[in-house]
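Going down the list, the sequences are from chains A and B.
All residue numbers for the first sequence refer to this note's numbering, where the first residue is 14 and numbers rise by one.
All residue numbers for the second sequence refer to this note's numbering, where the first residue is 521 and numbers rise by one.
Mixed in with the good hints there might be a few duds.
FRET-style restraints, in silico, Cβ to Cβ [said to hold, decoys possible]:
(1) 113/A / 639/B: 33 to 39 Å
(2) 184/A / 729/B: 29 to 35 Å
(3) 606/B / 89/A: 32 to 38 Å
I should point out that these hints are in silico values taken from the structure, not numbers from a laboratory.
Just so we're clear, the structure is a prediction, and the values are computed from it rather than from any experiment.
Note that beta-carbon positions come from the ideal geometry of N, C-alpha and C, so glycine has one too.
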Amino acid sequence: MLTVDGISVARGRTDVLRDISFTLAPGRTLAVVGESGAGKSTLIAAVLGLVALSKGDITWMNRPVRHCRPALVMQEPRSAFNPALTLHRSVMEPLRAGRLPGDPVRLTRLCDGLELLPDLLERRPSEVSIGQAQRIGILRALIATPPLVLFDEPLSALDAVTQKHTARLIADLQREEGFAALIVTHDLGYAAAYADEIAVLQAGQIAEMGPAQDFVTSPKTAYGLTLREAAFALGALEHVA
Amino acid sequence: MTIIATGLSAARSGRIILHTTDVEIRRGERIGLVGASGSGKSTLGHALIDSLRAQGASVAHVPQSPDEALDPLRSMAFHWREAEQALGLALDPSRKQKLFAALRIEDGDLRKRPWGWSRGMQQRFVIAMALIGTPDLLVMDEPTSALDPVVAAGMMDLLDRYLSDRRTALLLITHDLGLAAARVLRLMVMAEGRIVEDAPTPDLLRVPRTEAARSLCAHRNWLALPC
Chain A
14 MLTVDGISVA RGRTDVLRDI SFTLAPGRTL AVVGESGAGK STLIAAVLGL
64 VALSKGDITW MNRPVRHCRP ALVMQEPRSA FNPALTLHRS VMEPLRAGRL
114 PGDPVRLTRL CDGLELLPDL LERRPSEVSI GQAQRIGILR ALIATPPLVL
164 FDEPLSALDA VTQKHTARLI ADLQREEGFA ALIVTHDLGY AAAYADEIAV
214 LQAGQIAEMG PAQDFVTSPK TAYGLTLREA AFALGALEHV A
Chain B
521 MTIIATGLSA ARSGRIILHT TDVEIRRGER IGLVGASGSG KSTLGHALID
571 SLRAQGASVA HVPQSPDEAL DPLRSMAFHW REAEQALGLA LDPSRKQKLF
621 AALRIEDGDL RKRPWGWSRG MQQRFVIAMA LIGTPDLLVM DEPTSALDPV
671 VAAGMMDLLD RYLSDRRTAL LLITHDLGLA AARVLRLMVM AEGRIVEDAP
721 TPDLLRVPRT EAARSLCAHR NWLALPC
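Sequences are here, hints too, so could you generate the full structure?
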């Protein structure tokens, strides 16, 4: 279980995250939503240990998070790969870093789950579509069987149809693999459709948090309501008779 | 006045990326040009803008990336002045204040160059520049992609009022049918460099006739909730 216990992160004299607490169990998905600058990406960096905490603690199963080797899926898939290497070599990097043995059966199963033809991995990042690149980014994140996967706006570079398709593939793999997923997104529609819980981050603090379905039907805060109405106004959520 | 552009086409490296296309837009009409990535939407938008400007029509364009609209060596104040001068408008601080407040960029420092502003603020600045004058047609290419949803929804609401007041036509280019369906009355669907479907929004949502339209309709939102 991921436990984020009362953390704050300061940048200069300003707290960019303040008193953030939540837990995330294996197999569950927490979506963190909020406007640009709310602190969503800083939260990812904090969980990964990339920024210093001014207060609080973050653990996975009561140990520092780094021990579980969490994986990260980034927003811009092509720039997440070394352009000089084949995608296969990049995908295998987490195994090399962890000195773990490669498992061709697992690689094939993940490729099947992500609808990737194996020969795509022999190409370089510039030779695949952006949708394929993002699915290969997810493949790289999952190859070493991490128990915790962090997704930083994983769908925002994709077109609307590819977004929904990729979201379904992630959810299917999560059911098979059982990893905990922390998703940072500004797309409330995605969060409502695929997360178990939603946390609304506003100016570095959690304004509200609860089951995704409750949030969609009755947000507790004015800001949560504003986010929900924006999702309707942009067609991410829709009312039907 | 109806805007008409005929015989629009484009090729790249010997490959046709926009097959010969005619477009007709009535005054004040709001149209969504939708399709998957690479279907030719932006190419048609550029071809339409070039054709209409050659005919002398006034067309404002909000490109997909603010990089296409802003000179990195010029201040934001320079861009604003240049836009007002290009349209032959007198300097009017209240116009600027109104647009900046509506787009929530009133705190932006105009002395800075584009890279001194965030991407979202740059995009909103470009949208504000497009709203300065009274064009016959406003072409917006993925206008919300760099914005967070609250700002994007506010911008689209502002746009609705602006278009209604001036009877300016809108061509909204987007891969997101949900966004287009919430904002326009007519949809054109593109696939492989062709407009494959052109219908009133409710009709297309109810009975999409082509595979491209069916795929977009099937993925037009994340959740449909009962009223």
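Checked hints:
The hinted window of 33 to 39 Å between residue 113/A and residue 639/B holds, with their beta carbons roughly 38 Å apart. Between residue 184/A and residue 729/B, the C-beta spacing of about 31 Å keeps the proposed range 29 to 35 Å intact. A beta carbon spacing of about 33 Å between residue 606/B and residue 89/A agrees with the range 32 to 38 Å that was offered as a hint.
Every hint from the earlier list agrees with this structure, and none is contradicted.
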